[in-house]
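Under numbering that gives the first Met the number 0, the first residue of the first sequence is numbered 0, with each subsequent residue one higher.
None of these hints come from the bench; they were simulated from the model.
Hints are not guaranteed to be accurate.
For lysine-lysine, the following BS3-like pairs were computed, each having C-alpha atoms within a straight-line distance of at most 25 Å [what the hints assert, rightly or not]:
1) 679 with 717
2) 309 with 323
3) 731 with 612
4) 658 with 747
5) 736 with 779
6) 593 with 516
7) 21 with 125
8) 712 with 593
9) 731 with 779
Simulated restraints on C-beta separations [what the hints assert, rightly or not]:
10) 169 with 474: 31 to 39 Å
11) 511 with 543: 38 to 46 Å
12) 700 with 476: 41 to 49 Å
13) 215 with 166: 22 to 30 Å
14) 169 with 365: 17 to 25 Å
15) 421 with 169: 19 to 27 Å
16) 598 with 630: 19 to 27 Å
17) 476 with 536: 32 to 40 Å
18) 99 with 7: 50 to 58 Å
19) 69 with 655: 31 to 39 Å
20) 161 with 541: 41 to 49 Å
21) 232 with 530: 48 to 56 Å
22) 426 with 7: 52 to 60 Å
Treat the numbers as computed from the prediction; the structure is a model and nothing was measured.
Each residue gets a CB set at the ideal place from its N, CA and C atoms; glycine is no exception.
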Amino acid sequence: MQIPTRYDASNEQKWYEYWMKKNYFHSEPDDREPYTIVIPPPNVTGVLHMGHMLNNTVQDILIRKARLEGKNACWVPGTDHASIATEAKVVRMLREEGIKKSDISRDEFLKYAWDWKEEYGGIILKQLRKLGASCDWERTAFTLDEVRSKHVLKAFVDLYNRGKIYKGLRIINWDPEAKTVLSNEEVLYEDEPGYLYYIRYQIEGTEEYLTIATTRPETILGDTAVAVHPKDERYGHLKGKKVIVPMVNRVVPVIFDRYVDREFGTGSLKITPAHDPNDYEIGLRHNLEVIDIFNEDATLSEAAGFYVGKDRFEVRKLIVEDLKTSGHLIKIEEYNHSVGKSERTHAVVEPRLSEQWYVDMEALAEPALKAVMEDEVEFFPKNQKNTYRHWLENIRPWTISRQLWWGHRIPAWYLEVDGETKTYVALTVEEALEMAKKDTANDNLTISDLHQDEDVLDTWFSSWLWPISVFNGFFDKKDISYYYPTNVLVTGWDIIFLWVARMIMAGYEWENEKPFKHVYFTGMVRDNLRRKMSKSLGNSPDALKLIDDYGADGVRFGMLSSSPAGGDLLFDIKLVEQGRNFSNKLWNAMRLVKGWEIDEKIDYPVENNLAVKWLENRMNQVIEELDNLFEKYKLSEALMVLYNFIWNDFFSWYLEIIKPAYGSPVDSETYTKTIELFEKMLTLLHPFMPFITEEIWHYIKERKEGDDCVVSKYPESKGYDSNLLEAINKVKAIVTKVRESRNSKGMKPKELLVLYAEKTASIEKFLFSEKIPGLKHILKKIAFLKDVVLTDNSDIENTIPFMAANEKFMLEFNLEIDIEEEIKKIQKELDYQKGFVAGIEKKLSNERFVNNAPEAIVDKERKKLADGNERIKILEKSLLSLKK
RNA sequence: GGGAUCUUAGCUCAGUUGGUUUAGAGCGCUGCCUUGACAGGGCAGAGGUCAUGGGUUCGAAUCCCUUAGAUCCCA
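Input sequences plus hints: build the corresponding full structure.
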């Protein structure tokens, strides 16, 4: 049957099913060295996007390479329940069906949420299979499944009992859309243009006014003081005075506090303790009243007294108008200020006073900081270490409660006893009841006397346990003692605080051990204008369509080939095309070799023998380079090294050398060796392009059961002979010059010509001795030469002279030569060489260089000088003979 | 406002502790090649005073400082 001339990537999935059927991705503890990765769990309701593709391609490359190296590779997949995001989606879905969340019970809501999860959840895991991700699917975990939930509750109870979790009343970040508190890490700040409003407050009992500047005029309804700096001479006379808040006509004190910035605005500041963290602190110092003027959706509450039920941004416009009318508004200036927004809902965050659960992070941070600073946990690239240190050294308590339903409900039960609320934290309500009974010495208590905390935990409170919980680490030591710590975490630097740092903390807190040895930070995927890929910009290609169009291998190639660790990936469809073209090249090389007829009677040609030896050595060199690059996680560079080796060395040079004449058979030795080399090359490439390598693996040879590329043996380098590599490089240089000479004269590339070499001891030794047999044959074959002839005559008629590898050659040429042009060419080369030599001479004539530089460096310079002078001699001679 | 990183070919990036020919790769570009594994191909070529100005050194893309620009983190 005819093999098509183009590689068809559409049957990639056939191989995925094949691997699954053979259970190659499943891992159980055994005697081998483990190699473990836990996936950064994507949102359970998410769909595959470009960022996932990059991230998971990287993980798959690492895990597949480890598997080929004979390690027990285990890649644990799973999903994250993504509390806020998923709840928001479910709420929206219900709203579309005409159901309001506030109209249904918690249990009803959760039923809808689980139904939703069952229907749409985990799509992304199926999509990862298309990409080729070789996860151990039997281990698939979910942050809200039974095992993981048990871990979360135990972690909460542990920390509570260790005094590291507590409840506190503070100013928090409120997301008015999701109607929940957020941690500091979930708030993103953006600079936005806005206005600074100057508003005057009448000083009580006088006709005098005090003017303040604010960006948030609507909050004056909650003002309980006005502050100035104690040393500000402008306001010294206001000591003990009171001012009247406009609109509400509340009389509030003028206070003196050093927090006030005298340079900003008018140097006087309105104080709204309920709606600004700094104001709250000031309020505590001065014992101020706290008036919360907002509802939980950031509309104005009864307490505001005005605009009740209207949204804060609408109120801002209204109040500005009203203040203008009443004469309180002095002026408006344009002003850029930074606005905090919810990472998930993008709603503008509202500071709000509220009681929440916190984790005291200081003690947890200490070992986590040390581990990274001392490279116990190593970051790739290293430059993230500074950011990490800065955060951990300035760590603040972690707000872990969320006013949501979708998540792990906080295992705290409350009991009202004589108007006092008692708290019992336990794994189950039964345990809590026992505690309550003991505590109150009341044996008649029942479960219905207790009521559980209404809130759930921050999603990250389950994610930080992930490397432990996926192995059921709190409850069964079998897996965790084998797989933990994992080898590497592959993730984006944007969640270094939200996730990476906290996992390290949890690792030391519970396992007394780091969760992973290395962290590989991928960059963001951006478009070629450096814009972040996003749905709203519409600049993100559909990941699955990309796979359909170019094959997973092509996409993997494209994602990786321009993605240094930590650096952003500027996605360009050209790169994916390049990957697809590479697949096609591999395919056609396979077609070439497969198409050869083998003739046992033909001898092993000397040039083929040399070519095989050369490619073996070169491959060993490449293997060493790859190992080195993998160690540093320079994966895109590793891929480029392989790409160049395969395309240039293997296909362009090696195959051209050994290729039998059209229609002729090949000797069996060459064939066998070529297949062997081809196989090794496929294994080397497999981690990057798993599908096509498996496909070709089965094409080039009959395979026994279990002889599959995915589990083949990764080749090891046995060292290489640099002299041999150097010799071939010289031959390549000569060939290139021959081609260039033909090219410049418009001669046929394949017309057989004689090449003359001026006779020197070195060229004689190089091409004509039997030290490395076959060099001359290779030269003849790929440069299309009738013969290579040594000559004493340095000026043969009708030849094109050129220099290569420090020797002079003359290529047969049967037409008139443009002598002027030749002279110009040689003159140009001569000028370059003279400049080169002059530079070195200058260096060498500098006594301080010769005296101070290491001997080896000076010797090298001398050798460079000698070589340069040699070339000049040859060029000058050529020039002379042309001119006569 | 505080801090970090970066600036090398048209584009995206390598360039290890300062010294391997006067800086490399991929893409793009230019010319030639088409019955032969592959035009999703082959061969060859052109392109850079390494952002700027100083300094250290026998020697700087590499170390230090200045200036300009870009990105990011924190507040």
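*What hint numbers does the structure not satisfy?*
Result: hints 6, 16, 17 break, sorted rising.
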